[in-house]
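Asker: Quick note, the sequences are listed as chains S and R, same order.
If you're matching positions, the first sequence starts at 13 in the numbering used here and goes up one per residue.
If you're matching positions, the second sequence starts at 13 in the numbering used here and goes up one per residue.
Worth double-checking, as some hints may not be accurate.
[Stated by the list, open to error] Cβ-Cβ distance ranges computed for the label pairs, FRET-style: (1) S:SER163 <-> R:PRO76: 22 to 32 Å; (2) R:THR103 <-> S:ASN41: 43 to 53 Å; (3) R:ILE68 <-> S:LYS112: 40 to 50 Å; (4) R:LEU186 <-> S:GLY32: 52 to 62 Å; (5) R:VAL173 <-> S:ASP44: 40 to 50 Å; (6) S:ASP105 <-> R:LEU186: 43 to 53 Å; (7) R:PRO76 <-> S:GLU167: 29 to 39 Å; (8) R:ALA131 <-> S:GLU175: 40 to 50 Å; (9) R:ARG55 <-> S:LEU33: 36 to 46 Å; (10) S:ASP105 <-> R:ARG55: 27 to 37 Å; (11) S:LYS187 <-> R:PRO42: 15 to 25 Å.
[As the list claims (entries may be wrong)] Listed next, the in silico DSS-like pairs over lysine-lysine satisfying Cα-Cα at most 27 Å (straight line): (12) S:LYS79 <-> S:LYS134; (13) S:LYS180 <-> S:LYS112; (14) S:LYS180 <-> R:LYS184; (15) S:LYS184 <-> R:LYS180; (16) S:LYS180 <-> R:LYS180; (17) R:LYS135 <-> R:LYS185; (18) S:LYS180 <-> R:LYS112; (19) R:LYS79 <-> S:LYS180; (20) S:LYS185 <-> R:LYS180; (21) R:LYS135 <-> S:LYS187.
Just so you know, these hints were derived from the structure itself, not from any lab.
Fair warning: this is a prediction, and the values are worked out from it, not measured in the lab.
We put the beta carbon where it would ideally sit given N, CA and C, even for glycine.
2 protein chains.
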Amino acid sequence: MNSVYIAISLDGYIATPEDGLEWLNTFPNPSDSDYGYHEFMDRVDALVMGRKTFDIVSAFDPWPYTKKVFVLSRSLKEVPAVLVDQVEIVTGDISAVVKKINRQGYNTLYIDGGQTIQAFLKKNLIDELIISKLPIILGEGIPLFTPQDLSIKFEHCSTEVFEGGLVKSHYKKLK
Amino acid sequence: MNSVYIAISLDGYIATPEDGLEWLNTFPNPSDSDYGYHEFMDRVDALVMGRKTFDIVSAFDPWPYTKKVFVLSRSLKEVPAVLVDQVEIVTGDISAVVKKINRQGYNTLYIDGGQTIQAFLKKNLIDELIISKLPIILGEGIPLFTPQDLSIKFEHCSTEVFEGGLVKSHYKKLK
């Protein structure tokens, strides 16, 4: 199963035009909620992200993930020495990549990063969407969705509202 | 007060590329809910829409509105004879148009149609957003939001979930 877990603005952006995420932290969160992030991560076997997201998160200290990370990249040839146990570079056709990752025993995959999510959606490879909508029109930025030929119906599973006005909706692809 | 009340797909479209709205009726609605439409219309004084939306709704028989409709258009010179009491053409700067409509006693305005909503948002003239999200990725279509210079924060008021997976969220602009 391939899952998306992401926050977006009312106008559908996941980041500012310069990949900025600071706006995500401008909403009141008095009870310091993680909005269900750890609960989600607990049921994830591994992450799949693009080169761009990897470059951003690999600058974090400490490394933010306890689960294995697969980086989809044709250009990246090796990972930093400290991350060789946690990170693996994968390349090629996405369906084949997913099969290869599944064969290694990683079945529930957290698909992250705009371009990677879009590539999965275009191949109808996203099974679950968990979208947290924040009450702001950003005006411009990196969109979660870009035009694609394929229309995909989902089933609404649940919606939760958090302090600060975050509305988290959980969808599963209709079979 | 200027309000938006509209349905969108997960990927933010309000219609297919050819203005199609049939997809809106492909979700189960066993209790024949109007999703709060009449409750909303009851507190609206008038509608403001663009020429394109007017051309679509003016083909409906019977005419679907009981409230006055203002059509924002430079090209439309007169309304069909049967609609002269219900419809008025307005033109010019949007802020001035809104003031003129308000002076006629119409204070709560339902702003409809993609281009008209976008024009109001770009001038920061939308006070309320009521967005009903349907569980489908359309892939392509007419977007509700287009890029704009202005970032606008809203307050989340309420979210309701309806059968068929429609998630309706109500936002008011932060003062």
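Asker: Decide if the proposed pair is consistent with the structure: LYS180 (chain S) and LYS112 (chain R), CA atoms, cutoff 27 Å inclusive.
Answerer: Not satisfied, since the Cα-Cα distance of roughly 40 Å exceeds 27 Å.
Asker: Taking 40 to 50 Å as the hint, is the beta-carbon distance of VAL173 (chain R) and ASP44 (chain S) inside that range?
Answerer: violated (26 Å)
Asker: Taking 40 to 50 Å as the hint, is the beta-carbon distance of ILE68 (chain R) and LYS112 (chain S) inside that range?
Answerer: Since ILE68 (chain R) and LYS112 (chain S) have Cβ atoms about 49 Å apart, the given range 40 to 50 Å holds.
Asker: Could you check the hint for me, namely that ARG55 (chain R) and LEU33 (chain S) are 36 to 46 Å apart, CB to CB?
Answerer: Since the Cβ atoms of ARG55 (chain R) and LEU33 (chain S) sit about 37 Å apart, the hinted range of 36 to 46 Å holds.
Asker: Can the restraint linking LYS79 (chain R) and LYS180 (chain S) be considered satisfied, given a maximum Cα separation of 27 Å?
Answerer: Answer violated: LYS79 (chain R) to LYS180 (chain S) is near 35 Å, above 27 Å.
Asker: So if I understand the rule, the pair passes when the alpha-carbon distance is 27 Å or less; does LYS180 (chain S) with LYS112 (chain S) pass?
Answerer: Given that 27 Å is the threshold and the Cα spacing comes to 31 Å, the pair is violated.
Asker: Between LYS185 (chain S) and LYS180 (chain R), does the CA-CA distance stay at or below 27 Å?
Answerer: Holds, at about 20 Å.
Asker: Does LYS180 (chain R) sit within 27 Å of LYS184 (chain S), going by the straight-line distance between their CA atoms?
Answerer: Holds: LYS184 (chain S) and LYS180 (chain R) sit about 18 Å apart, inside 27 Å.
Asker: Does the alpha-carbon distance linking LYS180 (chain S) and LYS180 (chain R) stay inside the 27 Å limit?
Answerer: Measuring from Cα to Cα gives roughly 12 Å; hence the hint holds.
Asker: Go ahead and decide if the range 40 to 50 Å is satisfied by the Cβ distance of ALA131 (chain R) to GLU175 (chain S).
Answerer: violated (33 Å)
Asker: Taking only the CA atoms, is the gap from LYS135 (chain R) to LYS187 (chain S) under or equal to 27 Å?
Answerer: Violated, at about 43 Å.
Asker: Would the pair LYS79 (chain S) and LYS134 (chain S) pass a check requiring their Cα atoms to be no farther apart than 27 Å?
Answerer: holds (26 Å)
The structure fails hints 4, 5, 8, 10, 13, 18, 19 and 21 (numbered hints given earlier, in ascending order).
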